[in-house]
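Participant: Residue numbers (numbering that gives the first Met the number 0), protein chains in the order written: chain A, 0 to 200; chain B, 0 to 200.
Repeated chains share a single entry, so a pair holds when one copy, or any two copies, can fit it.
Each computed SDA-like pair below joins lysine to any residue, with the alpha-carbon atoms no more than 20 Å apart: (1) 158 <-> 89; (2) 197 <-> 32; (3) 197 <-> 72; (4) 51 <-> 63.
Since the hints were derived computationally from the structure, they do not count as laboratory data.
There are 2 protein chains.
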Amino acid sequence: MGRAPIEFYFDFSSPYSYIASEWIGALAARHARTVRWHAILLGATFQAAELKSPVSHPIKREYSLLDFERSARFAGVPLTMPQPFPIATQNAARLFWWLNAQNESRAIAWARHALRAYFTRGVNLNDPSALAGLAQEFGLLQGEAEAVWNDPVWKARLKQENEQAIAAGVFGAPFFVIDGEPFWGNDRRAQMERWLEKGPF
Amino acid sequence: MGRAPIEFYFDFSSPYSYIASEWIGALAARHARTVRWHAILLGATFQAAELKSPVSHPIKREYSLLDFERSARFAGVPLTMPQPFPIATQNAARLFWWLNAQNESRAIAWARHALRAYFTRGVNLNDPSALAGLAQEFGLLQGEAEAVWNDPVWKARLKQENEQAIAAGVFGAPFFVIDGEPFWGNDRRAQMERWLEKGPF
Numbered sequence: 000m001g002r003a004p005i006e007f008y009f010d011f012s013s014p015y016s017y018i019a020s021e022w023i024g025a026l027a028a029r030h031a032r033t034v035r036w037h038a039i040l041l042g043a044t045f046q047a048a049e050l051k052s053p054v055s056h057p058i059k060r061e062y063s064l065l066d067f068e069r070s071a072r073f074a075g076v077p078l079t080m081p082q083p084f085p086i087a088t089q090n091a092a093r094l095f096w097w098l099n100a101q102n103e104s105r106a107i108a109w110a111r112h113a114l115r116a117y118f119t120r121g122v123n124l125n126d127p128s129a130l131a132g133l134a135q136e137f138g139l140l141q142g143e144a145e146a147v148w149n150d151p152v153w154k155a156r157l158k159q160e161n162e163q164a165i166a167a168g169v170f171g172a173p174f175f176v177i178d179g180e181p182f183w184g185n186d187r188r189a190q191m192e193r194w195l196e197k198g199p200f
Numbered sequence: 000m001g002r003a004p005i006e007f008y009f010d011f012s013s014p015y016s017y018i019a020s021e022w023i024g025a026l027a028a029r030h031a032r033t034v035r036w037h038a039i040l041l042g043a044t045f046q047a048a049e050l051k052s053p054v055s056h057p058i059k060r061e062y063s064l065l066d067f068e069r070s071a072r073f074a075g076v077p078l079t080m081p082q083p084f085p086i087a088t089q090n091a092a093r094l095f096w097w098l099n100a101q102n103e104s105r106a107i108a109w110a111r112h113a114l115r116a117y118f119t120r121g122v123n124l125n126d127p128s129a130l131a132g133l134a135q136e137f138g139l140l141q142g143e144a145e146a147v148w149n150d151p152v153w154k155a156r157l158k159q160e161n162e163q164a165i166a167a168g169v170f171g172a173p174f175f176v177i178d179g180e181p182f183w184g185n186d187r188r189a190q191m192e193r194w195l196e197k198g199p200f
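Okay, chain A solo, but in the shape it has when bound (with noise of 0.2 Å):
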């Protein structure tokens, strides 16, 4: 019998759920679990649960600047803060749920390429040429991307992941639930080992 796959929501803006998203994959193997991803959008968890961004006031900016890359030296991941920063990241997170649609495994690899290219390479997901190109760049066809993110039906879908991430109590990114159990923040790694190996603890 499979163990259940580790859920793992992510905000293609999110310098934490980027650094998650490094370590994920191999956590989860170690373990012989599987990881479901969640594109959702932050905007929509922080307004259910009334918070704002952790930059959004300069006493809390100053220091959040700072520990996005120190946490991300700490993982030994390559992070250089983008600007601007944060920005809108509905139309890549629809691109990953429609393809998501076809093939789990090629919506995870767009997820780990569009959040390395805007973490690494500064690559604004939030416009429109840019994203294009990237989205060509992973292989699609000319055109492709535009016509999903400006499709209905994944817009429709986005809400809807949107809205089953906030009734599953998710409130902020990375966020992940592992046999039930909700962890969240890249910083909780450790006690998510720590419940991988052991169990409820």
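The hints should help you fit chain B onto chain A, whose structure is shown.
Facilitator: Quick look at chain B alone, frame taken from chain A:
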């Protein structure tokens, strides 16, 4: 030449501060450092940075209550979430600063005593008679604690300490500063250890 102390900002009603209070002394000692404890009021720092308590909204509250206890178990620290929670802690903090003016070690002992009383025995630090009783148990004379927390001198001192913390960039608790580098949260322990072992990274 001695190394700079680790600055440690905490609130008596913060579960993550309590957990950190149980490991910060040993961590510092392993690296030949001392710890300078700062009792502050999270309400003041939240207001300055336009933040809210993690338990102010139901979605985040449910997760946070689970995570407080799980993070304590993960750290090997006994914690039973008290009722009521959170509470106002200005009186316990004024006592801390009064003790600190006489003897820093004694103030730290008070902080540990009061944090443990609230988070393991549910002693309500916002209840004047419970707090006075705890102060006597700690060794203060009858009536001494009340006189301190009603004294404008110690009210002003706590206010000043809050303002200094905010000016230093503190927006939550526990908050640490090592060699000028800020670390926010019980979950930055591993990064602090690396900093103490190997310096800036």
